[in-house]
Amino acid sequence: MNINWQLRELNLKIVYYGPALSGKTTNLEQIHANVDPQRRSDLVSLKTSEDRTLFFDFLQLELGMICTLTPKLHLYTVPGQTFYEASRRLVLRGTDGVVFVADSSAARVNDNLLSWEKMKEHLDSFRMPMVGLPIVLQCNKQDLPDAITATALQTIMQTNGCPFFESVAIEGKGVFETLKAITRLVVEDVQSEVA
Amino acid sequence: MLTAVTGQVITATGDRGKVNLVALGSLIAGDLAASQEIARFTGEYHDYQTILREGENTHAFISEVGQHLILFVQIPNDMPLGWARLLIQEAARKLEEVLNTQPEALESLDFSPEQEKLPDLFSSALDELWSNSG
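Line by line, the protein sequences are chains A and B.
The working numbering applies: residue 441 is where the first sequence begins, and numbers increase by one.
The working numbering applies: residue 43 is where the second sequence begins, and numbers increase by one.
No wet-lab data here; the hints were simulated from the structure.
Fair warning: there could be bad hints in the mix.
Straight-line C-alpha distance at most 35 Å; calculated DSBU-like pairs for lysine-lysine [what the hints assert, rightly or not]:
1) 159/B x 620/A
2) 613/A x 136/B
3) 487/A x 620/A
Okay, chain A solo, but in the shape it has when bound (with noise of 0.2 Å):
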């Protein structure tokens, strides 16, 4: 959290993270279609030539008004091929909130678990300890014929009773949910460290 008293703005960081292909730059995506072009950025994009994510995507969301101050969402996400582990740790630094994108497939719940781990490994190198840090787990492709439903993911993953959401983020469906959900735990999470 960062405040700019001059600028009276409110500025949260928000990560989009999780294994590779499971829909977190689709989220973005689905974002900056979604809202009004007058409040949000570009859409910036760090791609390799093959489309794939090579460091972040980014977006800002400009909130109306709220308690004299403007708030600002900054959406990043990582990159989720495994040799880029360096680039998502750094991505995470001074992070307010995460949003794991898992994807459904029965057949990546291992990738899931595995990039859950590497992001407490980084959370942890960072003294940010996941236990208390605002995590929303966001059960991505859910419109593929093998999917496990979001509730037996959740199990699997063991996330500690994070709030979960089903989605289909190509489609826009479940990623505005998400987008309220963390935001309203991080705010939760700034009223109770300014008290």
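Following the hints, position chain B against chain A.
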């Protein structure tokens, strides 16, 4: 231009042209973070790291300001690089001194837990943002 290490723009001055500062802030933060990590991997990390990008008409410096801020400076290419580098590192040190001094009392932020409606206010603001599209 001064940003937080998370990429949030704090302030900027000078001729900005049509530069998108919000996007630039996120890229500067990513650039410095990657360079710091490269330095750590190669055992060459030290405080006040500075990155230089040489361009045809201008050069750009990205410099750490303590642990929390980043200073981005663009200079014309007729300015001596060594001199600019010294000035920018000195500016970074002075900015860090300012950061380390006790701030004047800030106005209180009414984000107390008693403000039960605060998360609802954010949800409503997001609803408005979403429904106002297209």
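We went through each hint and held it up to the structure:
no.: 1; hint: 159/B x 620/A; verdict: holds (15 Å)
no.: 2; hint: 613/A x 136/B; verdict: violated (49 Å)
no.: 3; hint: 487/A x 620/A; verdict: holds (27 Å)
Checked against the numbered hints given earlier, this structure breaks only hint 2.
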